[in-house]
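Working from the sequences, and respecting the hints, build out all of it.
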Amino acid sequence: MITRMPQKEWTNREVSGLLENLAAALQIKDAAKNKFRIIAYENAAAAVEHSTSELKDIWEEGKLDAVPGIGESMTQHLEELFKTGRSKHFEEILSGIPPATFELIKLPGIGPKTAHKLVTNFKISDTHPLEDVKKLAREGKIKDIEGFGEESQKEILETIEAYKADSQRLLYSYALERASEILNWVKQQKEATRVDTLGSLRRGVSTIGDIDLAVATKSPQVVLDHFVNFPKKTKVIEKGSASASIVIPGGIQVDLMVQDPASYGSLLQHFTGSKHHNIALREYALKKGLSLSEYGIRNLAPGGVKKVGTQKMEKFETEAAFYKYLGLEYIPPELREDAGEIEAAKEGKIPNLIEISDVKGDFQIHSDFDIETSHDLGVSSMEEIILKADSLGYEYLAFTEHNPSKGEHNVNQIIDLLKAKREAVDVLNYSFVKTKCKSVKKVFNSLEIDILPNGELPVPEEGLATLDFALVSVHSSFRQSRVEATKRVLSALAYPKVKIFAHPTARKLLNREGIDLEWEKIFAYCVKNKKFLEINGDPARLDLPDFLVKEAQSRGVQFSLGTDSHYVGGLDNMQFGVLVARRGWVTKDKVLCTQSLDAVEKLLEIR
DNA sequence: GCCGTTTTCGGCCCGACTGTTTTCAGTCG
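According to our numbering, the residues represented by the first sequence are 599 to 1205, in order.
Any given hint could be a false lead.
What the hints assert, rightly or not - Calculated pairs, DMTMM-like style, for lysine to aspartate or glutamate (alpha carbon to alpha carbon, straight line, at most 25 Å): (1) Lys-886 - Glu-917; (2) Lys-830 - Glu-756; (3) Lys-1106 - Glu-607; (4) Lys-732 - Glu-748; (5) Lys-1017 - Glu-1199; (6) Lys-606 - Glu-677; (7) Lys-711 - Glu-689; (8) Lys-885 - Glu-915; (9) Lys-715 - Glu-749; (10) Lys-1128 - Glu-1054; (11) Lys-704 - Glu-836; (12) Lys-1148 - Glu-658; (13) Lys-633 - Glu-618; (14) Lys-681 - Glu-618; (15) Lys-1032 - Asp-966; (16) Lys-837 - Glu-756; (17) Lys-654 - Glu-670; (18) Lys-1040 - Asp-1014; (19) Lys-873 - Glu-917; (20) Lys-606 - Asp-663; (21) Lys-704 - Glu-737; (22) Lys-1119 - Glu-1203; (23) Lys-704 - Asp-742; (24) Lys-1186 - Glu-993; (25) Lys-831 - Asp-794; (26) Lys-922 - Asp-936; (27) Lys-711 - Glu-737; (28) Lys-873 - Glu-618; (29) Lys-1036 - Glu-1199; (30) Lys-1039 - Asp-1196; (31) Lys-1148 - Asp-1114; (32) Lys-704 - Asp-730; (33) Lys-704 - Glu-759; (34) Lys-837 - Glu-789; (35) Lys-1128 - Asp-956; (36) Lys-633 - Glu-690; (37) Lys-831 - Asp-808; (38) Lys-1126 - Glu-1199; (39) Lys-816 - Glu-892.
Don't read these hints as lab results, they were simulated from the structure.
This is the structure:
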């Protein structure tokens, strides 16, 4: 049977999905025989998923086998795939396994073996496999197959029913709020001596799947009992002697791990991950004859023979001590992605990452000054915002309302509006700032200007002249080709007054992908022409995304931080932008808003 | 199938939890 496959573009996501399916297929066919081949395919899938460049571009440059995890054989097959749209070898591995199997694997709790057993025992359709399995579970037919039972049948039904509603990830800020709520509940139990977040939350990932928490305690059972009694829980998934899982409203899963305070550092390290960081770390340790786990570090017998239980376990109260024992510098959670951090730690070259206390100003704020924009105006007054910035200890800030709408104003009206705003900001600087502020010394008059589809700006030169500097950003025509969009952005950045490219991908997390640009060109242009890329701290944006920040900083790009606040409380979102910068290996000297007022004015060529 | 601070051959991370079992397989993080 030949079915017409949808035309694939072979994005990294699609390629890594294919490689994962190949690993699953090998597992189904003969897990024992293929044991290490499976690992190889899984590693390759992870490498592709985490690659900052598109694999297809890497292939075009002929550097496919330079990607760690992709060797001679896979290079050959991927090449065939990119050239012809298919690979004979891959198809052979997948042959005989109905596509429905790979759909079922996406369900939590269902792996390759279970999925395949279901698909082959019943005639599960490729068109709506989930509905088919749901029906079978409802009719009580699944429990009769060998290896299944009443419990697993019920579990499968519940999983499928919850799947669609819960497949959404959470914004980091939202997950952090929920986590704090639960940690406050856990702390009420006095036996919990220390609590922390774990997993992607602790690493500061922009979107979160589920919430992982840690507790140090001498009485694990007492703490776990208390945890599963969290008032808002909707379900207890499991409860053992070392961990428990509950579900809270919204279908959010919360896992809690407990550990004796003497080994708490090991636990934090283990469950903070990432998985790939841990795998790389354990491989590194093993070469030194050390075996790592959430309990500590075990010295293996000479010769590397593992005799579990016969060797003394070295325990660690702190993560710093754990890494030190391995001969490594401490690695901040934000860097633990197996992206070169272990090598850096070996050489003592972990960067001194930017911290929230380094920030001296916010360079994207929308006040309620009515500039007659077609976008959204802020709701707080300039005075309120300045006082808020002062309470944060900032030295400066910039008002960056959207430009006046072009459709409803003629050129002269736009110039008049901008002159009025210039005047308002000048008055604030001469009086309000001097008399009411402790730390704020200057308010910049700026503007967030739309980049029109053709790369022009909807503000005339005389309007631009009223500004200290301008931000530019994309708010329309998101579907241009990469080449076209790049040209569009570069021509906007060429205006001398334009200093900052704001929320560069224009993505909206969990909602909109954002634009695709030729990033190498953008980065090179910014370095050469002293333009700054914004790291937007709005929790739904977090844009530039962390992986592009890392790429940009490695090429010498400098950054600006802005919260994109539309009300005073929004200024507190700076922490999220800083987290993204940290995940991108950014040090404070690479960030505009950590510099002194003098330095900022020089960098922005204001004086 | 990949890879190199013991190795181009011989290795390849570690443990908890659940359900269906009576010593283990599958899944997860």
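Against the structure, the hints:
{"no.": "1", "hint": "Lys-886 - Glu-917", "in the structure": "19 Å, holds"}
{"no.": "2", "hint": "Lys-830 - Glu-756", "in the structure": "19 Å, holds"}
{"no.": "3", "hint": "Lys-1106 - Glu-607", "in the structure": "22 Å, holds"}
{"no.": "4", "hint": "Lys-732 - Glu-748", "in the structure": "14 Å, holds"}
{"no.": "5", "hint": "Lys-1017 - Glu-1199", "in the structure": "21 Å, holds"}
{"no.": "6", "hint": "Lys-606 - Glu-677", "in the structure": "15 Å, holds"}
{"no.": "7", "hint": "Lys-711 - Glu-689", "in the structure": "19 Å, holds"}
{"no.": "8", "hint": "Lys-885 - Glu-915", "in the structure": "24 Å, holds"}
{"no.": "9", "hint": "Lys-715 - Glu-749", "in the structure": "17 Å, holds"}
{"no.": "10", "hint": "Lys-1128 - Glu-1054", "in the structure": "20 Å, holds"}
{"no.": "11", "hint": "Lys-704 - Glu-836", "in the structure": "21 Å, holds"}
{"no.": "12", "hint": "Lys-1148 - Glu-658", "in the structure": "22 Å, holds"}
{"no.": "13", "hint": "Lys-633 - Glu-618", "in the structure": "14 Å, holds"}
{"no.": "14", "hint": "Lys-681 - Glu-618", "in the structure": "21 Å, holds"}
{"no.": "15", "hint": "Lys-1032 - Asp-966", "in the structure": "22 Å, holds"}
{"no.": "16", "hint": "Lys-837 - Glu-756", "in the structure": "18 Å, holds"}
{"no.": "17", "hint": "Lys-654 - Glu-670", "in the structure": "16 Å, holds"}
{"no.": "18", "hint": "Lys-1040 - Asp-1014", "in the structure": "23 Å, holds"}
{"no.": "19", "hint": "Lys-873 - Glu-917", "in the structure": "16 Å, holds"}
{"no.": "20", "hint": "Lys-606 - Asp-663", "in the structure": "22 Å, holds"}
{"no.": "21", "hint": "Lys-704 - Glu-737", "in the structure": "22 Å, holds"}
{"no.": "22", "hint": "Lys-1119 - Glu-1203", "in the structure": "23 Å, holds"}
{"no.": "23", "hint": "Lys-704 - Asp-742", "in the structure": "23 Å, holds"}
{"no.": "24", "hint": "Lys-1186 - Glu-993", "in the structure": "16 Å, holds"}
{"no.": "25", "hint": "Lys-831 - Asp-794", "in the structure": "19 Å, holds"}
{"no.": "26", "hint": "Lys-922 - Asp-936", "in the structure": "18 Å, holds"}
{"no.": "27", "hint": "Lys-711 - Glu-737", "in the structure": "22 Å, holds"}
{"no.": "28", "hint": "Lys-873 - Glu-618", "in the structure": "16 Å, holds"}
{"no.": "29", "hint": "Lys-1036 - Glu-1199", "in the structure": "20 Å, holds"}
{"no.": "30", "hint": "Lys-1039 - Asp-1196", "in the structure": "11 Å, holds"}
{"no.": "31", "hint": "Lys-1148 - Asp-1114", "in the structure": "17 Å, holds"}
{"no.": "32", "hint": "Lys-704 - Asp-730", "in the structure": "15 Å, holds"}
{"no.": "33", "hint": "Lys-704 - Glu-759", "in the structure": "14 Å, holds"}
{"no.": "34", "hint": "Lys-837 - Glu-789", "in the structure": "18 Å, holds"}
{"no.": "35", "hint": "Lys-1128 - Asp-956", "in the structure": "21 Å, holds"}
{"no.": "36", "hint": "Lys-633 - Glu-690", "in the structure": "18 Å, holds"}
{"no.": "37", "hint": "Lys-831 - Asp-808", "in the structure": "14 Å, holds"}
{"no.": "38", "hint": "Lys-1126 - Glu-1199", "in the structure": "19 Å, holds"}
{"no.": "39", "hint": "Lys-816 - Glu-892", "in the structure": "16 Å, holds"}
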